[in-house]
Each structure stands twice: as C-alpha cells, then as structure tokens.
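Undergrad: Protein sequence lines correspond, in order, to chains P and D.
Numbers 1 to 401, taken from the numbering used here, label the letters of the first sequence in order.
Numbers 1001 to 1316, taken from the numbering used here, label the letters of the second sequence in order.
Keep in mind that the hints were calculated from the coordinates and are not lab data.
No residue lacks a Cβ here, since even glycine has one placed at the ideal position from N, Cα and C.
Treat each hint with caution, since some may be false.
In silico DSS-like pairs for lysine-lysine, Cα to Cα no more than 30 Å straight-line [said to hold, decoys possible]:
id : chain 1 : residue 1 : chain 2 : residue 2
1  : D       : K1312     : P       : K36
2  : D       : K1196     : D       : K1026
3  : P       : K216      : D       : K1026
4  : D       : K1122     : P       : K216
5  : P       : K141      : P       : K119
6  : D       : K1308     : P       : K216
7  : P       : K400      : D       : K1210
8  : D       : K1122     : P       : K395
9  : P       : K141      : P       : K153
10 : P       : K26       : D       : K1210
11 : D       : K1026     : P       : K33
12 : P       : K216      : D       : K1021
13 : P       : K36       : D       : K1150
14 : P       : K139      : P       : K172
15 : D       : K1312     : P       : K400
16 : D       : K1150     : P       : K134
17 : D       : K1150     : P       : K139
18 : D       : K1120     : P       : K33
19 : P       : K141      : D       : K1308
20 : D       : K1122     : P       : K60
21 : P       : K216      : P       : K153
22 : P       : K26       : P       : K9
23 : P       : K134      : P       : K180
24 : P       : K82       : P       : K121
25 : D       : K1150     : P       : K60
26 : P       : K26       : P       : K60
Here's a subset of chain D near chain P, in silico, CB distances under 7 Å, partners left out [stated by the list, open to error]:
id : residue
27 : L1029
28 : I1047
29 : F1084
30 : S1105
31 : P1132
32 : I1173
33 : T1208
34 : T1293
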Amino acid sequence: MSIKNLKMKKMKKQNEKNIFYDSSLKKRHASAKRFKIFAMSSLVTAIAFLVFFISDMLIKGLPALQQTYVQVEITYNDKSMKSPRGSVDRKLRRIVSRAAIREIPRQMQNNPQLKNTTKFKWILADDQVDQYIKGNYYKLKNKDKQKVDELKKQNRVELRFNSIFFTHGDSKIPEFAGIKSALIGSIFTLLVTMAVSFPIGVMTAIYLEEFADDNKFTQIIEVNINNLAAIPSILFGLLGLAIFINLFGLPRSSALVGGLTLALMTLPIIIVTARAALRSVPDSIRQAGYGLGLTKIQVVRDHVLPLAFPGIMTGTIIGLAQAMGETAPLIIVGMIAFIPDSPSSITEAATVMPAQIFTWAGMPERAYIEKTAMGILTLLTVLISLNAIAVYLRKRFETKW
Amino acid sequence: MKLNKKSNTIFESKNRSTQLKENAIKYLLIAASTISVLTTFGILFSILFEAIEFFKLKSFFYFLTGTEWSPGVEGSKFGAVPIFAGTFVITFIAMAVALPIGIFSAIYMSEYATNSIRSKVKPLLEILAGIPTVVYGFFAAITVAPLIVKVCEVIGLQASFNSALASGIVMGIMIIPVISSLSDDVISSVPDSQRKGALALGLTTAETIKSVVLPAALPGIISACLLGVSKALGETMIVVMAAGLRPNLTMNILEDMTTVTVRIVDALVGDQAFDSPATLSAFALGLALFIVTLILNIISVYYIRKFKSKYKVNSL
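All chains, please: the whole structure from these sequences, using the hints.
TA: Written out as structure tokens, the structure is:
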C-alpha cells in the first residue's frame, strides 16, 4: 500500500515537472473509460434481455413436455358405449380428462375384446389436476384434491412425456391440445409462399442484375423493392383481404390466401439476397461464356445461376424463416380459426404455428400458458434450425473468388 | 427493337427461333419484376379504395381531429386522435429503450470489440431480430406486464395489466437489433483515416468517437432511427397481445392505451359486415399507417444515400 502511494507521489512530481503534462488528462481518460463501460453495458443489457427472455420461455414451457396421467378403473360395456362418462367411477370422474373419456367408445370399436371387461388403465388426467401436480395455480374442489392426494399416495398419479402435444391438433380441452394441425398448416402455407415467391424473386433478381439497363423503369423497381421491404406486415394482410379474398374470391382462412400474402412479403428479401448472390459471381465467367459463343440466356442459365445458387438458397431459407414467424397479416386473412384436424389441402381452412400461439395465449385456462410457451419453444426450434441450415449452406458451398 | 439491337452487339444469333426464345424469356423476366411494383400499388389502391368508402360514410375531418372512437352500431363515432396518441406514446417508449441501447451497442461492436467478441455477439443480436413478434407479445403480456404491476405496487403506483409501458419496453427490445445492426454497418464504414487523424491529435478513443466518428455517421444513424420508428408504428402482435383495446387519451404510461394496428386487427376479426363503417375504419387507419411509414422510409433512404455518397460506400 505504502509503496504504491510512494510511486504515485513520485509520478505526480514527475508529471508536474513535465511541461507537456495536461492536468485535465486524467479527467479525460476517466470519461473515456466511462464511455466505454457505458457502451459495453448497453450491449450487455441487450444480451441480458435475450437471456432473460429465453430462460423465461424455458421455465414456462418445459413443464408442458410432461402431462399427468392417473390410473383408474374403466368399465367397458354397452352402457359406456352410449355414455362414456359412466365407465369411470363417479368420484374420479372430474379428475380424469373429458377428452380421454370421450375416446373410450372408439377404443371399444377398435378392440371388441375389451367389451364387458373392467381394467385398471393409465388415463390422461384433467388439466386442473395436471396444474396441481405441477405446483401451479389450480382450481380443484377440496373433495377432488383429496382424491388426487390419495391416488398419489397409491402411486396412481404419474407425469409422462406429453406426446399428445405433437400428435394432436388444437382442442378446447387444454390437456388434449397439440400443435400438429398448426404445424401442417404452416408447412402448407410456406409451400405456397415458396412456390410463388421463389421463382418470381429469382427472376426479378436475374432481370435486375443481368439484363436491365439503368433506366427509369429499373430505378422504379429498385425503389419499390426497398419500400416493399419496409411496409408494415399488417398492411399486407389488408391487401390479402381486399384483393385475394374479396376480389378474387379465394377461400378465407386457407393456406392458399395466407401463402400468397406471405409470398408478397418475402419477395423483397429473396430479391435482395439473390441479387447479392448474382453480383458476387465474377464477370470473367460471363465473358468466358460469351467468348465461347453462348447466348446471354445460356450464360445465365448454365453458368451464373448454378454458381449463385447456394447464395440464393441461403437467402430463400432466411426469407422462409421470417415468413414462418409472421402472424399479423395471417390474422387479417382469417387464419386464426379453431382447427382441430390437420388440413389436407391448401384451400381448406388452416392455422399456422404463430397464429396457434396467439390463440392459446388468449385462452383463459391456466394450462394454456405452458402450452403457449411450449408452442413458442417448438417454433423457435424450427426457426433456429432453418437459420442453421442457411448458415451451413453458406459455409459449405460458398465460393471465394 | 431496341432490345434486339443491344443484344446483337454481344452475340450474333444465327438461329431466329433461338432469338425469339431469348426475347420471350427476357419479357418473362420483366413481367416477374413488375410484380413487386404491382404489389405496392395493390396495397396502396386496395387500402385507398376501402378508405374512400369509409370517408363517404364518415367525416374525414372528424377522423383526424375527433377525440372519441366508438365503433358501436348506433351513433358510432370515429375520431382517431386517441388512437394516434396511444400509438405515439408506445412508439416513444419503444424508442426510449431501443435508441440508447441500440446505438451504444453498435458503438461498442464497431469501435471497441475485438473480432472474436464481435463474431460471438453479432449472431446473438440476430437471434433477437429473428424472434417472431407473436413471441414477444406473449412475453410482454405474461411476464413483463405483471412484473410492472408488481413493481408499481411496491412503489405505490397503480398500473394496468395492459399498460403502455409493458408493450413499449418489449417493442423496444424488438427494435434494438434493427437500430444496432444498421448503425454498426454505418459506423464501421466511416473511413479509418478519420479516426487515425483524431487519435494522432491526442484525442482519447471516446473523444474520437464522440466528436469525429459519430458526427460522420450521423446521417446513417438517423436513417436507422427512422427505420426503427417505422417498425414500431407498424408493429402489431406485441400491442395486440399486451396493449389495451380502449382508445384512451392520456399521457400516463401506466394506463392502457390502444394503437392503430390493434384497432385494425380488432375491426377485421369481428363478425361485422364488410361494408359497415366499423370494418371499413380499419382501412382508413391502414391508410394513415401506410402514409406515415412510407414518408419515414423515404426520409430514411434519403439519409442513407447522403451518407453513402459522402463516403463512397457501396456495401450498405
């Protein structure tokens, strides 16, 4: 301590002798340091937001990976064929999921041997029981709660992997709701989007990069693409509603309308990235082609386009990921309908993953919160893998000229 | 004819049918390019025509100056001032969060960070940009809004569960990457000779940034901010999920407010007939949103052009 003090004093003395010593220097350095720390802390804040957000989603969503099952006695007979509620003991009825009880007649139809037997079976529990077991806020009558505790003591309550979430569509019964129909809807919608925006986007990029002269028409298109990229997404929904649904009469809520609307939105992304990819192909390739007597189209089709293709694919996948997360325009064209069964064609009413998340988020039951968060985790996983594929493609096939 | 002449200077096509095919493909490409133009006009006209329908039924003047918005069936009033006010308050909160964090993050990334930090942090910010807005909306409604209510209770204030503050903050988080990535690009493309000159004159790094780099990059940063504002104005899902539905003319950010986009969604998901004023009002609001964001974008493009031509950068 004292040595340090001595050194400091010595330095101070030296500095006083030094005619170039600026007494404000210390202050300036201190302020420079403060500035750096401030800049760093704002970056740290931004990342802290991300960490907080992701951990919040994980904490809320991961419990939904498991669902409570209870072991109860089920009587299979003619009576339960008509009113399946009767097949479960009256005291346990409110503990067992309504959706699971509804399945009982179908089980008997599929498996006639079950008839007139009584079996102990693991069956899906009600969402309130599920919330109670997981330690969340729950609404259970005292009688039912005691019954659950009793079953728990007998090891007749179990948390199991929630496969229903990935194999079922939406449901008004929380424990029976799944993301499958929304996932299929998303795939249909994105197929339409890609089928429309990929060819048009790439063709526009080829025209602007390879053929267009720098005239008024080209400039208008370029300014337009920039503007299109910055128009709020909800206005594309208004366009979809006014033109595709009201003018062309396409079916509302369908993957076709949603896909077309999203196609117009992803167009600028694909055009911009495809242009960058085409631009990065060196001119010597084109010149060599012309030198060998190829026509312009042949040069573009056989040489420039294949070389630019990885770049174009990367941009397309990024555009796809963005379209996949888009909700607002799809709500406007009606893709928030209640869809329990997966759509089987692009003209049927469908919903997409973000819209499903939106619907669940508005549900009053507590059990839907974890469903929503799980839906979000599923969506984010898909998006991150899409982006990872894009990065991989870029790294793997990128040519350095 | 003009097109033929030009292509002939590059190659001599002997086969007439080949040439016809080439031209056909070329016109196909031109047709594809016009689709983007058609889309913009499609948006403009589809909104414009429906908005005109709306203004035939309801007064245009009252829409801009009226303070009561009640789209009920009888005696409906469409004064959009509270809706515009709510939009601006929420946008203002979002920018108050996003601007300092975004710009200073960009400064740190481009001026201080080593390459290894940069290559790790940049993808993280890109993740922030890639999160769908519906996810931010859920986050705002389920996590941030109750948190604000609790914090306000502790300090003796009363906050709504649909407070403008919650959606504003989360919207700000969403806009951080928009501002930081463009500002980062702009600051990085300020020529190094300027920094070196300033450092050689004895300025500290911070003084160099404050008095040389930032003023040089200012047009680009302004452009980034305008882009952020336009994003905030048009943002839908966060406010639909976390902000209120009630048009509320107040400056208290702890109360619930509504925005243009919320009212558009609300008007169009209802069961009313398409030609009722309540539904058509969505298009009037959409028109206002379109015009404002278009102007912001045009100014933003102007500033970035200015920056580009000054420093002869092409990479932006």
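Undergrad: Does each hint hold? Answer for all of them.
TA: Checked hints:
no., hint, in the structure
1, D:K1312 x P:K36, "holds, 29 Å"
2, D:K1196 x D:K1026, "violated, 50 Å"
3, P:K216 x D:K1026, "holds, 18 Å"
4, D:K1122 x P:K216, "violated, 37 Å"
5, P:K141 x P:K119, "holds, 27 Å"
6, D:K1308 x P:K216, "holds, 21 Å"
7, P:K400 x D:K1210, "violated, 37 Å"
8, D:K1122 x P:K395, "holds, 17 Å"
9, P:K141 x P:K153, "holds, 19 Å"
10, P:K26 x D:K1210, "holds, 18 Å"
11, D:K1026 x P:K33, "violated, 59 Å"
12, P:K216 x D:K1021, "holds, 26 Å"
13, P:K36 x D:K1150, "violated, 34 Å"
14, P:K139 x P:K172, "holds, 17 Å"
15, D:K1312 x P:K400, "holds, 24 Å"
16, D:K1150 x P:K134, "holds, 24 Å"
17, D:K1150 x P:K139, "holds, 23 Å"
18, D:K1120 x P:K33, "holds, 23 Å"
19, P:K141 x D:K1308, "violated, 69 Å"
20, D:K1122 x P:K60, "holds, 27 Å"
21, P:K216 x P:K153, "violated, 80 Å"
22, P:K26 x P:K9, "holds, 15 Å"
23, P:K134 x P:K180, "holds, 24 Å"
24, P:K82 x P:K121, "holds, 20 Å"
25, D:K1150 x P:K60, "holds, 19 Å"
26, P:K26 x P:K60, "violated, 50 Å"
27, L1029, "holds, 4 Å"
28, I1047, "holds, 6 Å"
29, F1084, "violated, 15 Å"
30, S1105, "holds, 4 Å"
31, P1132, "holds, 3 Å"
32, I1173, "holds, 5 Å"
33, T1208, "violated, 9 Å"
34, T1293, "holds, 6 Å"
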